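Protein chains in written order, with our numbering: chain A, 1 to 381; chain B, 1 to 165; chain C, 1 to 374.
The hints are simulated quantities; they were obtained by calculation from the structure and are not laboratory data. Hints should not be assumed to be uniformly reliable.
For lysine-lysine, the following BS3-like pairs were computed, each having C-alpha atoms within a straight-line distance of at most 30 Å [to be verified]:
no.	chain 1	residue 1	chain 2	residue 2
1	A	Lys246	B	Lys55
2	A	Lys194	C	Lys33
3	B	Lys113	B	Lys91
4	A	Lys175	A	Lys246
5	C	Lys33	C	Lys61
6	B	Lys95	B	Lys55
7	B	Lys113	B	Lys95
8	B	Lys113	A	Lys246
9	A	Lys246	B	Lys91
10	C	Lys33	C	Lys65
11	B	Lys152	A	Lys246
12	A	Lys246	A	Lys194
13	B	Lys113	B	Lys152
14	C	Lys61	C	Lys135
15	B	Lys55	B	Lys91
Only a predicted model underlies this, so the values are computations on that prediction, with no experimental measurement involved.
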Amino acid sequence: MATDTGLSANIVRDPVTEQAELSINMGPQHPATHGVFRMVLTLDGERVVDVYPHIGYLHRGSERLAEGENFQQITTLFDRLDYVANFNNEWVYVRAVEKAMGVEVPERADYIRLILSELNRIASHLLFYGTYGLDTGAMNPVMIGFRDRERIQQIFEGVTGARMMHNYFRIGGVKEDLPDGFVPAVRALLDQLKVGYEEARGTLTESEIFIERTAGIGAIPPEDLLDYGVTGPLLRAGGIDYDIRKADPYSVYEELDFRVPTGQTGDCYDRYMVRMLEIEQSISIVAQALDRLPDGPVMGRVPRILRPPEGDVYVHGENPRGDLGVYLVSSGGTVQPYRLKIRGPSFCNLMALPAMIRGSYLADATVILGSMDIVLGEVDR
Amino acid sequence: MTSGDRPEDSAPSSPIEERVREIAADNAQSVEYSFDELELRVSRESIVDVCAALKSDPDLDFNYLRCLSVVDWQDELEAVYHLASLSHPHKLVVKTRAPIDDPWIPTTIGVWKGADWHEREGHDLFGLEFRGHPDLSPLILYEGFEGFPGRKSYEIPEQVTFYGD
Amino acid sequence: MSLLDLITIAIIVFVLFNGILTAVLGVIWAERKALARLQQRVGPSRTGPSGILQTAADAIKLMLKEDVRPGSVNVVIFYLAPLLIFTPIFMLWMVLPFGPDWVLSDLGIGLFYIVAILGLSVVGHVLAGWASNNKYALLGSARNAAQLISYELPLVFAVLAVGLLAQTATDRPFSLAGIVEAQGSVPYLVIMPLGFILFLVGALAETARIPFDIPHAEEEIVGGAFVEYSGIRWGVFFLTEYAGLATMAFLATILFLGGWTGPFSDQVPILQPFYLLVKMAAIILIVFWIRAPLPRLRIDQLMAFAWKLAIPASLVNLLVVATIVWVQHQNGWELWVTSVTISVVSIVLAVATGIFIQRRREQRLRQFRQRWAQ
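Extracted from the complex, chain A is given alone in its bound form:
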């Protein structure tokens, strides 16, 4: 299988049963692979017999690059991992360095980080909503999803000056304080998001065809999900209540009141619903955080040149796609990390893809892949 390129027209016929199998290559240029993911499907008619995923088309060597950058500079690399949830990535990284150095983060900075990250989670899930609609063949969702995501991006642009690659979180705080009028703008945004969310729900959630296409598709037992290291909405859709914001709380999540939605069957519909309900929860989290947003400095006392002591830390956080982990090894006294390993949630989620797709229809393959909501920047790093 390793040498199978999937490009040659190899139809394998079983001499006994006379059954023929068709090997079909999907990606890296394919509208439904969400980037440069590639899988080789073995088909029996419309049924998928086997899947072999190929990744690495977007490998930029982020981990090795980080070994040549200052601790402060590495935030930019994290922006480019999961490029639809930039703040969440930055946050996990800066928390890792802060943990290694024992840096105190001012409360206001912590709240700013939380608000921006939760907004980014909403933006990411809205993107999922839109592209998932496309994966099942519906056109309207993508317009609704992108409209509301654009509103969030505008807020981000006002705060950081950039729509996507923000580089806004600093070790010990954030780059600068929020712009004037941020709080009322976000409150207005939340009201708009609630309206848009209802609209979004009405378009897909109770659509007969959407339910037919997603319910009962791509489910594997919860034990298997865990065994593969699947995290995030996929794991919670399977009924396992594991959210790092609750299970291993960081920042100020413990003070906020929110719920972790879980599914029952782990099929594509549950994954979709878990994400939709997470949008609802994130809206409420942001509203609470805005109420509590304290005054004060946004940058802690941090040495000008960062030299974490010798040792290694592992810090993880709940990203829109799951458990993003950063393993940071510092050799002590250097301004660059000795080793930085990134555990991308999409990377680990993808390992379960063959088990989910095997035995389903070809049309389901793209629906299942879409329900995993992968971002290749994070898979290939």
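We have chain A; now place chains B and C onto it with these hints.
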């Protein structure tokens, strides 16, 4: 009011320390704390047994392999297993080392299926062979790539021409 | 046939052909504009007033584009296939009447002619998929064949029921002009709503529109049978799709909406094509409207829908019409009695089917609502 990740927050006496010592028994080279996490070092020969025991023990139940990293310490390659349990609030780091001129570590794919791609990536970037892994074909790099770009000894070329060009 | 006749026919065909092509460009523009409005967008707006020339510009671009042919295709069939898809759709227009006298050839068996020609385009699709030597194309053409064959049945049964019904009021029940005359002032939509719905579903599937666009399924098989085509050859496929849509809308207008009849259509004959086009546009808009929010079905669900619901329902529809028409013949009923009887039965059937589907939907939705009401 901070992120709660400061080292002094961590209680150095973890309830699982005794249990981990018991299970690792003679295989344990050291059990110590690194920040708030318990760290267990074992020899590479015993890694699969220790991992399987850690996973199957009902008190520990390390059913979730959070991360598997490979670190190049110039003369040795280190595999770091970050474990967590979903039924208990436990975390554990298991480390094992292999000399760089004989780089192999037994695969733990039989313990956690999720070790699969992490091990392939380690094999790709660091040349660490996870012995017994069913499919160590290149995952991240393209086929025919020379060298191990994750290692410190690998020099990043100025310009890379694409393979097969 | 004299030379003059030949020349006249040639001129009419030329005008008709180009008229259809232009109309199709208009349909494509209308779809882009309508979809855009349904999705809070503007749509094409730069080329010409309201972007109406956009599709013409696209067509010119396609014609000027390089015609790429992959090395591994079967050359003859590869080039033949677009023609085989293209021709049948335009052959249909030979018998489609724009008015009582505005028809190229008023065939006495026009209905059968249409049913026969409609099935032809599947040959072109299969050949295109096979000749492309591409697995996506092969899958697409296989899906297309399966889908067209399955949905031909409800479509044909619905059309036959119309013929049966028309037989009560005219002596030319299988000529399209005859059917329009038979409808008089009460279109068959009122008398046979079930038939109309079945025809619309069948037409959606025949033209491979969402939610039945499985043969193209861009997210799965990247366009289906046409993957390997480029330039104007691809453009021909694309135009044919929309020509098919326009044809189906035309047929629905003739068969169910009373064709060219409307207020003062008898007194002012010039109004007749106008009424026809307005009704046609309404149907096309409905199709666009269906497209905007709906996801795509899966192939097995599509087949299940055809064989478990659409075909039995169309058979029942045909049976009901046939029975009532037979009873009328036996008892010599008045025409309006027949119409009212059929109308009542058909409406009851359509409503019953609707309630049945809605019940199932509600049942299923209740499960999901309960599961997520936390």
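Checked hints:
1. Pair hint A/Lys246 plus B/Lys55 holds up; C-alpha atoms about 23 Å apart against a cutoff of 30 Å.
2. For the given pair, A/Lys194 sits about 28 Å from C/Lys33 by alpha-carbon distance, which is consistent with the 30 Å threshold.
3. Restraint check for B/Lys113 and B/Lys91: the C-alpha separation of about 19 Å stays at or below 30 Å, so the hint holds.
4. As the CA atoms of A/Lys175 and A/Lys246 are separated by approximately 27 Å, the hinted pair is consistent with the 30 Å bound.
5. Between C/Lys33 and C/Lys61, the direct Cα distance comes to roughly 20 Å. Compliance with the 30 Å bound is thereby established for this hinted pair.
6. Of the supplied pair hints, the one linking B/Lys95 and B/Lys55 holds, its CA atoms being roughly 15 Å apart against a limit of 30 Å.
7. Distance restraint check for B/Lys113 and B/Lys95: the Cα-Cα separation of roughly 19 Å lies within the 30 Å cut-off, and the hinted pair is therefore satisfied.
8. With a C-alpha separation of about 25 Å, the suggested pairing of B/Lys113 with A/Lys246 holds against the 30 Å cut-off.
9. For the suggested pair A/Lys246 and B/Lys91, the alpha carbons sit about 15 Å apart, so the restraint of at most 30 Å is met.
10. Between C/Lys33 and C/Lys65 the alpha-carbon distance is near 25 Å, which keeps this suggested pair within the 30 Å criterion.
11. Note on B/Lys152 and A/Lys246: the hinted pairing is violated, with a Cα-Cα distance of about 38 Å set against a maximum of 30 Å.
12. For the hint linking A/Lys246 to A/Lys194, the alpha-carbon distance of about 24 Å falls within 30 Å, and the restraint holds.
13. Between the alpha carbons of B/Lys113 and B/Lys152 the distance comes to roughly 29 Å, so the proposed pair stays at or under 30 Å and holds.
14. Proximity of C/Lys61 to C/Lys135 is assessed by CA-CA distance (about 28 Å); at most 30 Å being required, the pair is judged to hold.
15. With a C-alpha separation of about 12 Å, the suggested pairing of B/Lys55 with B/Lys91 holds against the 30 Å cut-off.
This entry does not satisfy hint 11, going by the numbered hints stated previously; all others are met.
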